[in-house]
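Chemist: Here the protein sequences come in this chain order: A and B. Taking the numbering used here, the leading residue of the first sequence gets 294, the next gets one more, and so forth. Taking the numbering used here, the leading residue of the second sequence gets 2, the next gets one more, and so forth.
Some hints here could point you the wrong way.
Claimed, not checked - With a straight-line Cα cutoff of 20 Å, these simulated DMTMM-like cross-link-like pairs (lysine to aspartate or glutamate) come out: (1) A:K405 / B:E208; (2) A:K405 / A:D487; (3) A:K448 / A:D487; (4) A:K398 / A:D458; (5) B:K183 / B:E166; (6) B:K108 / B:E166; (7) B:K108 / B:E177; (8) A:K553 / B:E163; (9) A:K448 / B:E264; (10) A:K475 / A:E463; (11) B:K159 / B:E208; (12) B:K37 / B:E48; (13) A:K405 / A:E455; (14) B:K159 / A:D545; (15) A:K448 / B:D256; (16) A:K405 / B:D256; (17) B:K108 / B:E163; (18) A:K553 / A:E497; (19) A:K329 / B:D74; (20) A:K405 / B:E264; (21) A:K448 / B:E208; (22) B:K37 / A:D360; (23) B:K159 / A:E497.
To be verified - Counterexamples of contact, computed for chain B against chain A with all Cβ distances above 10 Å: (24) P13; (25) I95; (26) P172.
Said to hold, decoys possible - Covered by chain A, according to a simulated footprint, are these stretches of chain B (three or more residues, beta-carbon under 8 Å): (27) 22-35; (28) 50-60; (29) 71-82; (30) 123-135; (31) 202-216.
Derived by calculation from the structure, the hints in this document are not laboratory data. Here the structure is a predicted model, which is why all the values come from computation and not from measurement. For each residue, glycine too, the CB sits at the ideal point set by N, CA and C.
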Amino acid sequence: MKMNIPKAPPIKKQTIFYAIVLIFVIVWGLSGINYKGIMASAGGTIRAMGRGILYPDIEYLTNMTIDGLPYAIVETLAIAIAGTFISGILSVPFALLASQNIVGKRVSRIGKFLITSIRVFPELILAIIFVKIVGPGAVAGVMALGIHSIGMLGKLFSESIESMDMGPVEALEASGASAVQKLFHAVIPTVMTDLMGFTLYRFEINTRAASTLGIVGAGGIGAPLIFSIGSRNWSRVSIIVITLIITVIIVDMISGSIRKRLQ
Amino acid sequence: MRPPHEFSQKIPQKPSDIKRYLSILLFILLIYSAGKFTRFSVRDLIEGMNEGAGFLKELFFPPDWAYMRRLIDPMKETIQISIVGTFFGSIFAIPLAILSARNFLQKPLITGFFRNFLGLFRTIPSLVFAALFASVFGLGSFPGMMALVVFTSGLVAKLGFEAIESIDPGPVEALESCGASKLSILRYAIIPQILPQYLSFVLYSFEINIRASAVLGYVGAGGIANYYNRTLSFLQYDRAGSIVILTFVVVMALDLVSSRIRERLL
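Only chain A is shown next, with the shape it has when bound in the complex (with noise of 0.2 Å):
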């Protein structure tokens, strides 16, 4: 029997014109890269490092007053909830705006256009706009998170709500019903579990924001944490940073079974 073995198709030129294209990309981003090669005393930084997370510092865990961890990490899960909150209330006119079969091709690119810019912008300088028309503390970190999460629940939402049945807006509106009932009970019943599902996901994901916020001063567990960076208190950071994670695993775990429950 002979054997046919095919050959394998020569490689494309585009493909070796697209590699080369990225070869130069990667050269170019690596000429901006300084190594200054590890610092004189990072030994020791790191053995102190090590030390500090096998000595977390307990005694910043059990701080009940209002300089302690446990006050910090719950104003950090404060934040995410009415962050989140708000945005998942923003959100919904702005992602009626972005959907095709609301209000037409037209205005929903003016929509998208608007969810667009809102997500270009990281929380972080946000946050440091906030900072100053509403001065430092949990507030503006609400805020940044609120008006943050629009670009993208505004874009998850508009997307369910351009792939919805439009049977009951369509038998709503053969019974004459207006803009504003077809919206409350057509439009928001039908799409509801969806919205709920992905306004939980950006609370996972606004958790972990939250956490960082503190580092411009819009409160949280983002502040201690940056600070005892700085001053090297490394049993600090690992007592921080273990709880940080515990904290998360533990919202992400039963936000994601009421997710899995709404479906």
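Given the coordinates of chain A, work out where chain B should sit on it, guided by the hints.
Modeler: This is chain B only, laid out in the frame that chain A set:
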């Protein structure tokens, strides 16, 4: 004579709503207490509106256009950090994804270990990694790049092993039945199936990394965010405004390029 049959006017009872109302109540209570705890008040917000509008006016009307020229170099650094971070991160992600995929190694102990390891790493924000690396490697673009490498390898590896687990098992089985080694199964059955998805995950994480590296400088890890401190602490709001505008334009443009390529891939 029998009386005519009377139709029952009874409407079947709705199932009890108590559980639903209770969970809604719990929900409202949670949100209310979160608002109370953060001292959120709509009135303060409205009162702050004037000040906010004034601040926005100082930021953007007009921004310091001349200052833009001095921002080009740090902006370049931000882009470079995210390119290199994405590149190395997605390379490290490949072995991690392969080791975490349940259907490839079929050794629950190893895959379980790598899965949990990835999950653990993903809970730590990249800004925290950046700050930690900055204290080992010193300030500059290198710790920023390292933070993105860690973040990207976690994200791409997770998306990657999920993709490997959902491939069509046909080619794998065909190769297995001919007695192919694990390596050739990887090369001829798995990689061809997930390559386009992998590339799109890489681009997706590049889009996230651009935003991340635009703030990494805040903890001394290189890039444009360094300049927020410099300008805001000297109350040079018009200059801060030009940083915001430049970031906006660059992120938007790179997003557009990346999502175009992603659309073509899939």
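Chemist: Which numbered hints turn out to be false for this structure?
Modeler: Those not satisfied: there are none.
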